[in-house]
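Taken in order, these protein sequences are the chains called A, B and C.
Under the working numbering, the first residue of the first sequence carries the number 1, and numbering increases by one thereafter.
Under the working numbering, the first residue of the second sequence carries the number 1001, and numbering increases by one thereafter.
Under the working numbering, the first residue of the third sequence carries the number 2001, and numbering increases by one thereafter.
A couple of the hints might just be wrong.
Covered, in the sense of this in silico footprint (three residues per stretch, anywhere, with C-beta under 8 angstroms from a C-beta of chain A), are these stretches of chain B [to be verified]:
(1) 1018-1029
(2) 1054-1061
(3) 1071-1081
(4) 1334-1343
According to the in silico footprint, chain C covers these stretches of chain A (three or more CB under 8 angstroms from chain C) [to be verified]:
(5) 29-39
(6) 143-156
(7) 207-213
(8) 241-247
(9) 259-269
(10) 349-361
Since the hints were derived computationally from the structure, they do not count as laboratory data.
We put the beta carbon where it would ideally sit given N, CA and C, even for glycine.
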Amino acid sequence: MTIFGAILLPVLAIVAVVTIRHYRLILNRLFGAHRQPYLDLSTATWPRATVFIPCRDEKQIGPLMVALLASDYPEGLLTLVPIVDPAFPAAAKVLDDYAVRFPGKVVPFHRARSEGGRGGALREASEHAPGREAPVHLVFDGAYRPGRGLIKQLVAPFFDPEVGGAFSRIVPATIGPILLPRLLDLAGSEASQIGQQARTNLDQTPEVTAPVMGLRRAALEAAGGWSGETEAETLELGYRLAAGGWAIAYQNRAECHEVTSGAWAAYQEEAGRAARGRIQALLRHRGRAGFDALLRLARPLVAVVLILGWLVALAGSYAGDPFAVVSLAVLTIVLFSPLGSLVGFAATAAAARLDGHRARVRILPFQALAGLASTWLAAREALAQLLAKRRKPARQPTRAVAAENRVA
Amino acid sequence: MLPFLGFLLLTLGWGLLPLLPAIRELLAPQDLTPLELTDRSIGKISYLARNFRQYIDRVLPQEAGAGDYAAKLMDGTEFVRVTRRAEQLASQGNVEPRVVVLDAPHSLPGDRTYLMEVYARAPLTSGAETNYRAVYGEKELTLGDSNRVFRWAHANGTLTVGPHSVLRGRISSETGLTLGADVVFERAGAPVIAFGKEREPSLPSRAELLTWNPPAAAQKVGDHLRVEGDLDIPKDTLVPASLVVTGRLRIGAGSLVEGSVKAHRDLELSERARVAGAAITRARLALAEHASVGGAALAERSVRMGRNAVVGGPASPASVAGVEIELSEGATVYGQISARRGARTL
Amino acid sequence: MSASSPATHEGSRFESLRIRGHQGGVIQPHRSMGGLPWDARRLATVAGLTLAAVAGYVALLPGILAMWRWGLDWARGRLGLDLMLGEQTVLLPGGFSLRLPELSTITPQPGVGALLLATLITVAALGVAFKLPPRLTPLRYFLRLLAAIQASAILFFAVSIDPFPFRVSDYLFGLMSTGLVAMGITPVLFGLVLYPMDLVWWRKALVTAGALVHFAVLTPMLVLTHAGLLLRGTAVVMPALFLGFGVLPFAVVFLAFYGWAMSWPSELERREVSAPVHSTR
């Protein structure tokens, strides 16, 4: 075996493992026994719950507050605690108005300083804000629009004493004719219907990838509270809870709308942040997470391996190595799948059909094109995170994003 | 050069041919609607019944004077209104194809099929072997022996179900639901649901119980104790904590767990045992005679409620859920029962 | 106890009442719960279609190769391509062999002029990639990938003392083989990701046939097109041509057929059957 073969064989093996595991998830979701154990828990003596909402954008916070205030959670048991940063006075004003109109129900928490990003804000609020003593904490972001029944659906799993965290499915509120939101909609379907639900069916720990989740206060305290040192605070906390023996419940039936800008710059920022957050969580939990969890956290590193493998295959091809040529062809195709899986497209299409969609699946070839961008972004940010000594969580939009938002 | 260029374009065209549907969908999308949140039905078994009630209020014409007559609702659906003579219903082959509105108390004859909704504004008693698509009672509703309901049944008063009946879909009452023997149903919701006479939970006296000593290997995780493997709690024991057991959990007769319990395998409550909080299992849940659960009783497989077993309480509604559920005489649930493949009273 | 036993099985007479909503449509389970039915019949369909498609491909392979031979011979002169048409026998396991058409010619090596032109075009492509508006981001990355591949080729020819390891004839043969592999693997891939879906069997057969026919025509067209581009562009364009416009078109075409098929109506909906919710036993 040549040196190229010795390097490329493990790379191809990784692709094979990722592909087989992904295919198993597809088959399970379509044909396997379905688990949503808390689905039918809708009549109960509901516990007190506090919703913490880190706030920046005064335009988004209003619609979120309206949606939360319309919740069918029993009156008197739900407190809304918007977390107000001094850097966003416009949002503070909007929230103070809500507090006046809904005294006792909306209780803004004003931070003295902006530190530690979103995780830092949640940490401070969960430790000092009014409502912190409620047995269930919920977290929402301004971009989300929960339905009336979502709070109950997020709280229901906490009747199970083993559950430390719970989260719902996120679906886009609007799609529109431009390409990116449509691709994200397809990717979101796949992540929820196949990724999360199949993992729940197979008794694997689902990943909390969205900023919306519910937490048992006792679990949060036992796990050490929110971290202000990661860019994927809910993801990292989810793994920390699992490592501490808590179960994470994914509620596929519970759906929350998300308002997205549809701008590529915003997507790239978010994808980069997600990749960095995964690596941060991987470094933190590499000693105690299970194999499946490690493989998922290492997904951006799979992108690095794919690109490096591709470069090795390219070099090997120039050296005339036939195995390298075949590997190069295979890896070129794999580069277009952001998950490093050769059946990513099938998962996307299957998920879309489960959602009752038909015609939108036709744009799969364009999703492949976008997959190349995702692979590169994930790899770049993962390497940057690994090589950086310390990276402060950045939750402010960059100039590029702001400019694109203005254009959009 | 020109022939080659032409061939190049031809190749490009042929290559792009299968992408035409994709390009068309990209440029002139036919499928752009985001997923609509459909969470309005959560929390209320009577959701469909309520919708019907609102619908009938909108479309039922305000008639001048009562009486028996047939007409059309404002949306064109045929209906028949009966104050006096119920025997006129289902006159053709014992099948009634119209929406039925009953203004006065009635006892409907048996062996009838109602293909559309039946709306009873007064107490209604149904004869044996009657089939309903759906029935709404503003007052008491009594379904006779071997009745069948296919979509939903609701009563604002008590809903009584005769033996050997099959109730698909949702059944609900704002007052109480009483089930006869050998009744099969899927989802039921009421302040109290009982097979036969309703019971209240029997609460063991703390003073008479011995405090439980957890096994040495039990681990404190946050607000509960985690036990690896199977666990048997002796009888007449007080457990002042919540438990998570990775194996089978058996709670001895007369024991009291003051928190909630979760078992990864079977969960059994012996006679008179009580869990004050929720009882959750990934396998089967069995409540023996007079056992009770104060909160939710959820199983990912089957639930068996023994004689006079109770879930919830008059002031603490709860849910029972499993793939299949069996209820023995006297089994009582304050709240809701959901069984994907069906629940049955024995 | 199973509630699907007599107590809840009303037979078809009232099944319509149970599963139909107020406006007559079949009520499906919520999207978060529904799955697809799986039984022996479906397994037989999946296996049967896969085996039939593979067997059909193998049976038609000599005819396809003969068509390719004829097409390549007919077109090469008319397109002004200086190519010799021969044959190469490929030995397969089990004692089988295939006689594949083989096009051969001298491999044009890039001179300084060709390298400079290639460099200019690569830089221009990169420039375009960076200048494209954000909504064309996927295209940006694709252009960058092509530019990276082309740059590696330019670098190789500029600095390497070893000869370029691939001849045009090897390349074209490899491209033709890629087409054969794509055709052979298509029914197997469909068997894994398309045939188990809730589509009527003849649609699955139709899309398989469509994809195979498309590949059968596309392959020789690609071979001739690439031959022409290589003869004009020299060997320096070979890597970018192979990866960007040789391997990827097969993958994209497969995706296009697959996506189109997956957009077709559900067989469950057509038969007005409710999707199953698979519960734990």
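Here is what the structure says about each hint:
Counting residues of the stretch 1018-1029 of chain B whose CB lies closer than 8 angstroms to any CB of chain A gives 7, so the stated coverage by that chain holds, three being the minimum. For the stretch 1054-1061 of chain B, the stated coverage by chain A is violated: 0 residues have a C-beta nearer than 8 angstroms to a C-beta of that chain, whereas at least 3 were required. Counting residues of the stretch 1071-1081 of chain B whose C-beta sits closer than 8 angstroms to any C-beta of chain A gives 0, which falls short of three, so the coverage hint is violated. Under a criterion of three residues with beta carbons nearer than 8 angstroms to beta carbons of chain A, the stated coverage of the stretch 1334-1343 of chain B is upheld, 3 such residues being counted.
Check on the stretch 29-39 of chain A: 9 of its residues sit with their Cβ under 8 angstroms from a Cβ of chain C, so the three-residue criterion for coverage holds. For a cut-off of 8 angstroms, the count of residues in the stretch 143-156 of chain A with a CB near a CB of chain C stands at 0, and the three-residue condition is violated. Counting residues of the stretch 207-213 of chain A whose beta-carbon sits less than 8 angstroms from any beta-carbon of chain C gives 0, not enough to reach three: the coverage restraint is violated. For the stretch 241-247 of chain A, the stated coverage by chain C is violated: 0 residues have a C-beta nearer than 8 angstroms to a C-beta of that chain, whereas at least 3 were required.
Here the stretch 259-269 of chain A counts 4 residues with a CB under 8 angstroms from a CB of chain C, which clears the bar of 3, and the coverage holds. Chain C is given as covering the stretch 349-361 of chain A, and this holds because 11 residues of the stretch bring a CB closer than 8 angstroms to a CB of that chain, at least three being needed.
In terms of the numbered hints stated before, the structure departs from hints 2, 3, 6, 7, 8, listed from lowest to highest.
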